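Undergrad: Residue-level listing of the chains:
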Amino acid sequence: MDDDNAVIIRGLARNYGAYRAVDNLHLTVPRGEVFALLGPNGAGKTTTVEILEGYRRRDGGEVEVLGRDPRDADPRWRSRIGIVLQSTGEFEELTVEEVVGHFARFYPNPDDPTKVIGQVGLAGKSRARAKTLSGGQRRRLDLALGIIGRPELLFLDEPTTGFDPQARREFWDLVRSLAAAGTTILLTTHYLDEAEALADRVGVIAEGRLIEVATPASLGGRNLARARVRWLDRDGPREQDTETPGAVVRALVDRFGGEVPELTVSRPTLEDVYLSMIHEDA
Amino acid sequence: MTTSTVARQRFRPSIVGLGVLRGRLEVRQFFRARDSMIFSFALPILLMVVFGAIFRQRIAPGVTFAQYFVSGMIAAAQLTNGFQTLAVQIPIERDRGVLKRLAGSPMPAAAYFVGKIMMVYVIGMIGTALALAIAVAFYHLHLPTSPARWLTLGWVTLLGITACTLCGIAFSSLPRDGKRAPAMVVPVALVLQFTSGVFFVYTQLPRWMQHVAALFPLKWTAQGMRSVFLPASFAANEPAGTWELGRVAVVLSAWVVIGLALCLLTFRWTAREDR
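Chains A and B, in that order, give the protein sequences.
In the numbering used here, each number is its position in the first sequence, counted from 1, plus 163.
In the numbering used here, each number is its position in the second sequence, counted from 1, plus 19.
Don't take each hint at face value.
Unchecked claim - Distance condition first, Cα-Cα at most 35 Å in a straight line; then the derived DSBU-like pairs of lysine-lysine:
id, chain 1, residue 1, chain 2, residue 2
1, B, K198, A, K294
2, B, K198, B, K119
3, B, K198, A, K288
4, B, K119, A, K278
5, A, K288, A, K278
6, A, K294, A, K278
7, A, K294, B, K119
8, B, K119, A, K288
Claimed, not checked - Stretch-level coverage of chain A by chain B, calculated; a stretch enters the list once three of its residues show a Cβ under 8 Å from a Cβ in chain B:
id, segment
9, 269-279
10, 343-354
Stated by the list, open to error - Simulated DEER-style distance windows between Cβ atoms:
id, chain 1, residue 1, chain 2, residue 2, range
11, B, L264, A, R290, 49 to 59 Å
12, A, A181, B, R195, 15 to 25 Å
13, B, A290, A, G298, 15 to 25 Å
14, B, P225, A, N178, 49 to 59 Å
15, B, R47, A, S429, 54 to 64 Å
16, A, G195, B, I277, 43 to 53 Å
17, B, R266, A, E256, 47 to 57 Å
18, A, R332, B, R47, 47 to 57 Å
Quick caveat, the hints were computed from the structure, so don't treat them as lab data.
Small disclaimer: the values here were computed from a predicted structure and weren't measured.
Virtual Cβ for every residue (Gly too), placed ideally from N, Cα, C.
So that you can see chain B by itself, here it is in the shape it has in the complex (with noise of 0.2 Å):
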């Protein structure tokens, strides 16, 4: 028996070895897309500037509608990352035969969904300490002082940013083509920041229109984040009167859930293969 068939007869590709490689492979091809890296760092800097500027008053004692706006703008990041990026970037990759040829190797499909998430966490984290370190500057949010704070941070945008990009990478079968990607996938990003509490005050929204809002996660980062960063006195402000942490977890859990299997069920490598 030659060496070659030995190989192949243990030959058992790991998942998370060359997941983590792809993931590599994502975050230097996105750093090398220069114009549109420097645009998804800059948009949500460029949407405190303007909010922050045109937003000047008080909303509760001792919060500004700036520190609102931030902390909602952090959720708001993740969800731009995470969903808009991925689900717009993949339907390109489908066009251009980069899934086809990964599909055709002996690479695990689950390999190229751990890159993704890698891809995002990287390019995230990267996202929300600029955004924080901006707002921390310039509109007074404060960087939370106790661990427990910290903590809630650390899951909620662990949580936060696994749903998006599952559902990120579900959406991604939607479109035909990558041309056709940004068009139905920004205008559900966007509404979904004019009704969770991103833009406006969410309890000063339309009922039916917060009913809505909080079938979908960005509604819930959003309020975990204002519970890391507005003072305590403020969960009095929020629908419930508090900061719902528990329920924060579970409906983000739930779309993790649901992201994986539709992501499981739903994806495709190829294009529609119509002819």
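Bound conformation, chain A alone (with noise of 0.2 Å):
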């Protein structure tokens, strides 16, 4: 039993007949991380979240989930767990409340239906049948099954899939604040800007494989990266890579006598390092 550690993986694979959709993957998360797995799709995010949860087998690597095998999960493991999957559920005639209500008396120590509904904004439609909501309210209603247990541990796969942008600033309040309490989070998502936000640290994974794990700051060694100078000059657009970009714009500067045309400095973006990345690898 490790207590440090939330999550840790060694080796771990998975393959669908021929196909390794899991190759040799190893990560460790401790307590209290917010952790988002990056990749595109079918590099194998889902089959490893969903093994870390219990649902999915492997074919080998050794996991260990809040010190226990995922395999070998029982009620008391999985009250401590919170799951929000990639699909959507759909509770047709039950309104939200009612799920939430019913979820929340499987759980041993339940964090109250009301607030849970009102802090994932669902608060206006708690007695609306579920098959009534919006594809981004069945989404918030999911999030609540997985947060109404109060979980030491949260997956969240690809969570703010159709969110509307104002909706996924409210849901990455909600995850800060999470976090902010204590919980483990490991997050599954295509989009950077969520990573960046969010995760403490990121782990980049391409056909199976974790090919970089650090901070987003520091990604594929974009802290350190050259930065690039670009400027329209008299024979047509001009651009130069550089670690002084003050002192080549300086000298544009002086050159031009004031003003250099279309001129800016940009170090590459988390999407420009992370296309980079999984372009290399594949």
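Using the hints, put the two chains back together into the complex; each one sits in its own frame.
TA: What follows is the structure, encoded as structure tokens:
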């Protein structure tokens, strides 16, 4: 039993026929961390997460989640984790408060359903039947079910798909408040801004392997990367990569005797780094 | 140690308590889906009216075909409620992600089954009472007068519904998804009704058909129901010349055991994991 780490994965492998969905994956997530798994579709994110959640079997490696192998999941262990699946649940004829209240009864120390419904932004829809909710609202109901048991570890598999920008910001605030209260969060996402906004560390997964784990600011050596200065010269657009962008800009200002046309100074965004990483790998 | 850790360490969810909670929710959902609720109660009654109007002959002294048919129809309605409803409903719940969410919660799996069985009993009781009321009012069916016959009605219903429910839950693992479920389930239920002495007099069916049908529970629940509702003299018209209540109990109990074993061995909470 490891009290400092919520998730420990050593050499995880999972094949679907001849296809290696997850291939010798290693990862440790300490308690209290928000960890984001980034990767293209089919990279193995959901397979990995669903093995940790106890839904899928594995072909190799060792896994410990809150000190237990998820293969031996029992109600006590399940009461300590929260799951928001990638697909949306449909509860049809039941109302929001019935669904949340019902799931609350499964847990030993649940949160107050009314409070949780408010936290996910469904207070006005408490008495609405689930089938009348919009896609984004159904997603919020899923989120409520994930956190109703006050989990120590929360899995979020592409949680904000289908959210409008406002709803995403509200969701991020909720995740931050859960993290501040000590919940460990393992998140998968396509959205790089989401990973950057929420995660203490991100892992990039491609073709079933974790190709890098770093803080969002330092992924792919992004913090050390050279800056790129771009401007429009007399003979057309020009660019220059440099470790001293200030000096380059000063030289340009001197040369132009004032403003430099179309001047920009940029460093690679998380997206640039990410795209080049999964591109190299493929 | 915080209160939450203490609560978690003592945590032992109650299968019966949560099963009843599930059952109440299942019944509530059933009554809210009005259109399907009305049809599931109306179908046996409609069939009774249609067959009662077509076949008016006597099949034995003091027994009309309608009386024979109505007894079988009560057994068949229990099959429909338990087997057909669940074998179609569970794959749909699986498609909708309801099962996956329940499996990811601390709810014990058995509580889900208890809830389904409870739902089937409640609906089965209402359905049986409705069908009986119509049969008594219009088809000269007589409610049993002796306590022994009421007792038979009780245990045949109990064993019959339990067997059909467990087989329905077990069968629900076969369809790949909810859309394909009715196409796989309805023929099974329909063929059983034609071959088990519901729509036709059992002893008038070809011998081989009787032998096949006798392997399944419906033939035996229908026979049990006839022993409750038809005159004692009709027993001579049954295949063995008696009601064979002992054998009815044995076959239905065997199906309860088989159904339970299949449920535990094959039940799937998630869609097939092919990718």
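Undergrad: Return the numbers of the hints above that this structure violates; sort them in rising order.
TA: The structure conflicts with hints 10, 17 and 18, although it agrees with all the remaining ones.
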